[in-house]
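Novice: Chains as they are written, first to last, in the numbering used here: chain A, 1 to 221; chain B, 222 to 662.
Any given hint might turn out to be false.
Just the calculated beta-carbon pair ranges, DEER-fashion [what the hints assert, rightly or not]:
hint, chain 1, residue 1, chain 2, residue 2, range
1, A, Gly120, B, Asp588, 36 to 44 Å
2, A, Arg118, B, Glu575, 17 to 25 Å
3, B, Gln539, A, Glu209, 51 to 59 Å
4, A, Arg198, B, Asn473, 20 to 28 Å
5, A, Arg21, B, Ser431, 52 to 60 Å
It is worth saying that the hints were derived from the structure and are not from the lab. Heads up, the beta-carbon is just placed ideally off N, CA and C, and yes, glycines get one too.
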Amino acid sequence: MRFLLIEDNAKLASAIVERLRLDGHAVDHAGTLDAAQACLDVAQYDLMLLDIMLPDGDGRALLKSQQNVSDRCPVIVITARSAVSDRVSLLDLGADDYITKPFDFSELEARCRAVMRRQGRATDNRISIGGTTLDCTTAELSFDGQTIALRNRELRLLEVFFKAPGHVFSKSHLLDRMFSLSDEASENAIEVYVARLRKRLDGSDTRIETVRGLGYRMVPV
Amino acid sequence: MVAAILSVAFFVIVRSVAEQAAESTQDDILSASATAIADSLRSEGSNVMLDLPYSALSMLGTLSEDRVFYRVFTGDGTLTGYDDLPLPDRTPQRGQPAFATFDYRGDQVRAVSVVRPVGTGTSARDIIVTVAQTRLGLEQTSRTITTTAMGVGAGFFLVATGLSLWAASAALAPIERLTGAVARRGPHDLRPVTADTPAELMPLVNALNSFMARLRASLLRNEDFIAEAAHRVRTPLATVRAQAEITHRKLNKPEHRRAMREMIRAIDESARSAGQMLDHAMVKFRTDTLAGDRLDMCALIGEVCDRLGATADLKDIQIVRDLPDEPIPARGDGILLQAALQNLLDNAIKYSPEDSRIVVRVEQGFDLKVSIQDEGRGFGDADLTRLKTRYTRGANVGDIVGSGLGLTIADEVTRAHGGRLEIVTNQTGVGACISLILPRI
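The shape of chain A in the complex, shown without the other chains:
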């Protein structure tokens, strides 16, 4: 996905950018409202992450100006305020969702997905390997004319394999991608989910292979 991050705190911004790139996302960063507007004028983004308190104005002004734009880019507001005081005004002003600082990146990603699903935006979120296609927005797996709906964790795990076919992933890496860091999860859980995915992929032209002592990888049948 391609993000526009609008955040004035340089340290936080660089941490968010680096963290999102780790998951393979493209991120542009703007520190002010003016810079954000300049980015929006020249590029298309899947999603905007907007901090409300900015040096050259209130992020709400940007929300308001975006309301009338056709093919509006969905916005998730990053707020430090308590949910009790800010919630209503943010959503009234045209934000699609909000997340409070500090946030878990798997939660942020889940919210992004949910927003994009609600918006029904036709983004290039489909990955095909051979005759098997994974739609990350709708969480659907399709092959041989049949479509299977995936649970959230199944999708997150399968997405990792689809983005790098043939690449071997360790259990601990997969654990990071599937569980948020505040969850208690053991590597046994990965075995459970891999077993489920194998069942889902049954009949397709790809499969998940165990690489003894190293982890798993996806290979053509």
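Go by the hints and put chain B onto chain A.
Specialist: The following block gives chain B in isolation, referenced to the frame of chain A:
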């Protein structure tokens, strides 16, 4: 009341002055009469003689139709008059009449005695002349004066009461207008009062307005402070957390990864506590001035479920909505009610196992009951009523991050709306059901 006391005092004073006046008049006439009799005393040899001057007695007759008694006592016996008319207790001083009041022949009488020395031969004898008169006339006079005084007093009372009532209502009318103008206001209305008030009340109105201006400034400062505090605390925490996640990705040794996870959990815990405490302050602030907006409970619950859907998705938890299709009218503060529900639903997600269901249900009976049923671990053996107090958590929270304020916030919001929070924990240890019970409108 004051008018009544004043009237009674007026009556008592007039009455006692009247009685004194009447009595002193009678005393003067009695003394004059007794002196006249004494002046007529003369001696013939060793005998004392008296030509009773009738004028002395007739002057008493002018007062009224009272009966008059007299006695002239020579020391040996009564020279003339009623010899059972009592003598004064003590022999009066010469030239000083002695007065007394006593009952005589069935009536109260006022008596005066004078002493007059009359020379008889070689010696002088003290002759006591006593003149007494009944007090019927005096009482009549005093009664007349009393009646008049009573009439005047009563009139005074009525006039004073009427006047004071009129004055009070005239003076209170602007205060009542002012009271009405202030009482009709909503809880958030802190604009200056502009009710039509007379000049005398302007200091009060000015004081009230300046108080409200200060209150408003203070409330806004409070809100700003809460927002500012949240911003200052949470932004650096967000940086640390993001950096910690990046570092965690890059670490390979299991013990390093574990340490980093512990660090992230600690960050989450402090952020959550700070957030909940600020939320709690905000909730207290808003419940103090509770809004009474018209709401659709169904839409409100739907929004909360949407909001937390993504969080539930992360654990493959399904939020099942058992809601009616039509709107459910409710009255209150929408932000507070959402905060309460969000805390409850967030708790349910936190304590639920993966791949489970949370049912959000609305039942409309006598009350409006919004219940959240999960398949989590319940509250164990914790004291269910104590759970609603601050910083108290269930007996089996394990290592799940929490502040112990979520239920407190939900409880305070519900009670502020005239409802209550019901906690039911399944005895088998699986599942808890928390219901927010609100009065129906």
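Novice: Could you run down the list of hints and mark each one as holding or not?
Specialist: The hints, checked one at a time:
At about 39 Å, the CB distance of Gly120 (chain A) to Asp588 (chain B) agrees with the hint of 36 to 44 Å. Roughly 24 Å separates the CB atoms of Arg118 (chain A) and Glu575 (chain B), a value that falls within the hinted 17 to 25 Å. Between Gln539 (chain B) and Glu209 (chain A), the C-beta spacing of about 31 Å breaks the proposed range 51 to 59 Å. Against the hinted window of 20 to 28 Å, the Cβ-Cβ separation of Arg198 (chain A) and Asn473 (chain B) comes to about 27 Å, which satisfies the hint.
At about 57 Å, the beta-carbon gap between Arg21 (chain A) and Ser431 (chain B) stays in the expected band of 52 to 60 Å.
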